[in-house]
Amino acid sequence: MTEDLLSTPLYQEHLALGARIVPFAGWEMPVQYAGIIEEHKAVRASVGIFDVCHMAEFRFFGFDAFEALQKIITNDLGKIAEIGSALYTVMCDEDGGIIDDLIVYHTGDIEYLVIANAANRQTDWDWITSHLPESVESVDESDRTGLIAVQGPRALEVIASLAGDDFEPPARFHIAEAVLADVPVLIARTGYTGEDGVEILCHIDRAVAIWRVLLSFAEVTPCGLGARDTLRLEMGYPLYGSDMDRGVDPISAGLGWVVPKAKTDFIGAEAIARIREAGPQRKLVGLEVSEGVPRHGYPVLHDGTEVGKVASGTYSPTLEHGIATAYVPAELSAPGTELVIAIRRKQVAATVVRPPFVKQTSLSVRPS
Amino acid sequence: MYPKELKYDKEHEWIKVTDDVAVVGISDFAQDQLGEVVYVDLPAVGDEIVAGENFGEIESVKSVSELISPVSGEVVEVNDALGDTPETVNEDPYGDGWMIKIKMGDPAQVDDLMTADEYEAFVAEEA
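Each protein sequence line maps, in turn, to chains A and B. Residues in the first sequence are numbered consecutively from 14, following the working numbering. Residues in the second sequence are numbered consecutively from -6, following the working numbering.
Every clue listed holds true.
Here are the simulated DMTMM-like pairs of lysine to aspartate or glutamate, each with C-alpha atoms no more than 25 angstroms apart in a straight line:
#, chain 1, residue 1, chain 2, residue 2
1, A, K54, B, D77
2, A, K359, B, E50
3, B, K94, B, D13
4, A, K359, B, E70
5, A, K54, A, E26
6, A, K359, B, D40
7, A, K54, B, D25
8, A, K359, B, E4
9, A, K359, B, E59
10, A, K322, B, E50
11, A, K359, B, E41
12, A, K84, A, D106
13, A, K359, B, E80
14, A, K372, B, D77
15, A, K322, A, E301
16, A, K359, B, D77
17, A, K359, B, E67
18, B, K9, B, E80
19, A, K54, B, D85
20, A, K359, B, E46
21, A, K54, B, D21
The hints are simulated quantities; they were obtained by calculation from the structure and are not laboratory data.
Please model the entire structure based on the sequences and the hints provided.
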């Protein structure tokens, strides 16, 4: 391996657990421990924990922070006026191209925490800080912040038993301070699996302690990026780099719900309004197949002509068949439309469906 | 881990020879590397298979691999049960996880394959 890869403070823990390590977004990360399907099912039925220390955390502070961030993100920061609440959003360039998807947490009167994709850390940082006035203080806290996702229908039980009797768990899409195993942490009731659960932020040096105490619970299974991907795709949650990038706008990506129509003053607003008005030419759709496993880049056909490519594709451990997303012409995007995916030599029938692919989870609602 | 009565190739298939019929599957090392198998695409009975060439595909959640035949011949039986329970390849790679039976055209091809000890050394080098 010639590339210089970063590793999280949990790297040795992963090795000790027998993880298979792969390069991901410049990091050496566990793709699986016991097996992707086993880990996936543990999250749907009980609790799984994920090392997501590679993700980026930025903090913004100042009297102008609200106004400045409101111009950068598409969603309405006014929705999280309440301290402790959180918002899923994207931020776009002037053409409406998606720079990244983010969760913004309102952590103090004039303070916001942003969690962003690891691969976009530098791009996001440069973009955001170049659009902030000097009065807003910015700190890239990624190197000193550990992040562990605890996901599954029993996740809150585990957190409650660690946090003590006085602990009141934050509501969905909220964040709160807590002390877990003598470690001061932030607990965010967010995730990327479609199950109830939290993401724990702590000082990077305490991540191992948190990881170990979580694993001391019999109902907790360590999970890798493989299960993280199958879980998120079953919910139809988009992945930056596969389902969206600078070349697509949020309307085409099915993320119109994070661009409130009433909000007009943000970067990309005019371009997005035009696309919304005219209707997108291509749309990201969900596809289900009965045989084989669709994968990123496989051609999607209609009447023998290629009309798109698979954006995300995998085997769904819950549904026990292949699922995918793809950008297709808008006229072929209605649920029930019959398309074909070329899975190498085979042409496999694929039906357009409206995500989530898996409807019933401990959450069964979309993040808002 | 590598039964002595079987022969192995560098693509991690094993064969078990009885007269001129070879049962073909993938090794324990191969199934472990692949992870949980979710789909196996096999040829039909009557298909002609050529040694060293692709005779099917095997998929896990994360990856897809070609199945390469160690010997040439005609497919005389296919393990259709793998259609419904592909995970058998992980659970019992040398038993119920077998894939096809080939009536060999050139049984001398078996002599080119590795013994269990040779294969074990080969895997140790590759890992």
